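Going line by line, the protein sequences match chains A and B. Under the numbering used here, the first residue of the first sequence carries the number 1061, and numbering increases by one thereafter. Under the numbering used here, the first residue of the second sequence carries the number 81, and numbering increases by one thereafter.
Bear in mind the hints are in silico, worked out from the structure with no lab data behind them. Remember, it's a predicted structure, so these values are computed and weren't measured experimentally. Glycine included, each C-beta is placed from N, C-alpha and C at the ideal position. A couple of the hints might just be wrong.
Chain B side only, calculated, beta carbon under 10 Å to chain A, not exhaustive [claimed, not checked]:
#1 E293
#2 F412
#3 P416
#4 M417
#5 R518
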Amino acid sequence: MRHLLSIEDLDRAAIEGIVDRATHFAQIADRPIKKLPSLRGRLVINLFYEASTRTRSSFELAAKRLSADVMNLVATGSSVEKGESLRDTVATLSAYGPDAIVIRSPHAGAPGLVAGWTNAAVVNAGDGKHQHPTQALLDCYTLTSRLGSLEGVNIWIVGDVLHSRVARSCIQAFLVLGAHVTVAGPPTLVPDEFAALGVTVRHGLEELREADVVYALRMQLERMGSVDVPSLREYTAHFQINARRLGPRQLLMHPGPVNRGIELSGEVIDSASALITSQVAAGVVVRMAVLYDVLAGAPTQTGAPDTISAALEPQTA
Amino acid sequence: MSALVIAPRPPAELLLRGAHVLDPATGIDGPHDVLVRDGEIAALGSPGSLDAPAGAQTVEAEGKHLFPAFVDPHVHLRTPGQEHKEDLETGTRAAAAGGYCAVVAMPNTDPVIDQPLLLGGLVSIAQRDARVAVGFMGAISVGLHGEQLTEMSELREAGALGFTDDGRPVVSAGLLRQALARQRSCGGVLALHEEDPALSGAGVMHEGRVSVELGLAGIPSISESTMIARDALIADHERGRVHFQHLSARRSVEALAAARERGIRVSGEVSPHHLLCTEDDVRALDTSFKMNPPLRTEDDRMALIAGLADGTIECVATDHAPHARDEKNVPFEQAPMGTTGLECSFAVLYTELVLPGLIALEVLLERMTAGARLLDLDVPAIAVGRSANLCLIDLAAQWRIGEAGYESRSANCCFAGREVNGRTLLTVASGAVAYRERAFALSAA
């Protein structure tokens, strides 16, 4: 894998390969020394044009666990604020010879453009409302760890599907792994056009009990009171996942951060059904697997190729 | 006064030998010798019947086609204020390379052409730089803000062919009504960019299957069609004449047809990109495919082709919209709207509509000149005594769009890379040679 821009670029074998490698890395995470030498001497730049806590920090930790050097750049306080174009910023950063650029952008397709402007491997950490492939991969890892396989599993994605890059990537990834996917929410947030992606579209939660997994999306608070969602009260009355709607055998997921009391009630967040903290933990090992995948096989930008064989050996420092 | 402006050039003295002349206006269809003297068509004869007079250049044109040169009622030449994208010289050079003898420039420049003095200045620049004839539209509202009408009569006297706020809709029905009332005294068509901002919002592409898939904000078809229906009724009420620009949707074509059936004085244009591209072309997020109105569905495209073929839509307009490379080389949502089109419009339409049999060549030629009639200009014709407005095209020649660069200052062409048939060899505009393909020789007699 040269870049990770979209789940669309991955087939079933590629997704399963990343999940398998993440499983290996998870075993190492239980050891006293959690660091691997695989990407020693490699430079990973995190270029974030949007606020992010868990994605950015988990990419940083993933790179460090693989012994890469990491630089973090956020839009505020950088030349971006002074009006530098994306292309010029990438040209500047590329002069440092990064091996990978992890980019989050408010604009769809920005990672693909960056891939055309740099020799580094590019990993999409979220672009507009378009794609968030590492989130979908960590969700596949989380579910595979729990269920063994996604084959035939019924997954409901509930909430603001229209404005969600997580939903778009998850739909594609879950379908590739053989799951049945339903998207549910008010018609303004779940247009019928989603059916063309191969999912079932529902505008109510009456049938939610048929779901094996309920994946609630974060409701953007700024949308409340807009044409999309007339009121918070109306939304929660119809679409909040709470103990009344969620059965004890159904698994609950959420990409975070959660709006407690809006898309999820407090009691389901803290219930045994919730996989939310497992998803966060999965973020590090899956992002390790992705960085490993795009970098370990590739020639370094600055030196000789690493040997892949040593990659899974724990560092004995 | 003539409303079209062109830089003075020596009148053509040409003998085109044996070209297949095809002119839907006169009905000529067959090989002829065509003699141009002092910029006018002086004689038409059977092949080999005419001799080149002293001083005339001979063009061996056997196997090539000679058409009336094209007229584009909708281009953006970017002067004044945005000459880094295009100017009157490069824009009209691109037009000549595409076989056009006349183009009509939109007023959404910087500053907007909303005052007679600005238009006067633009006319002076065109008299120096325009390689093909250029007509200018004045703005309907001051600054295109949609609030206050421009001095339409004064703009007409300064040379405005008509009025448009192109790039933006006239949102206020009241303002449009006033403009139509003024039209009764000052004349000039009102060309309307139809879009309801309350429906198009922050959209960057057609609202539908692909926008949902990509997560991009959409512009629904009803943003255009509802405004066409509304404005046709306002034009009817005011007994005015309106022209609908760059139609993009099936329902818009239907609204245009319904208005005409009721006797309302309406006309419409369609661009090559809406005839040949769809929302699926946006999937790769190539900003060359970002335009307003957006590329819509295959069903819309089929309705536009049918509308052009049956005459519901009178003419082809490129909406040639040059943008600098740096402006388009950004994420899709940030890129400006528009594609260039003057240099390849005939070739792409010939290749993708005429060759597969979707539209007859004579019909395409008629639609590529009919924009003149809508603006009260003479439609170019190949007839003795008429000013020479001709394009000589090698229909068999294949080329790849963009392979040798562009005459335009900008390269944001959504057709780049397409293999097409039909290469312009020579364009004569207002009686003077405006373009000659580099490898194509004119020999002195």
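These are the hints, each one checked on the structure:
1. Given hint, E293/B at the interface with chain A, holds; its Cβ is 6 Å from that chain's nearest Cβ, closer than 10 Å.
2. Interface restraint check: F412/B against chain A, minimum CB-CB distance 5 Å, threshold 10 Å, status holds.
3. With a least beta-carbon distance of about 14 Å to chain A, the hint placing P416/B at the interface is violated under the 10 Å criterion.
4. A cut of 10 Å between beta carbons decides the hint on M417/B: the least distance to chain A is about 16 Å, and the hint is violated.
5. Because the closest C-beta pair between R518/B and chain A is about 32 Å apart, greater than 10 Å, the hint is violated.
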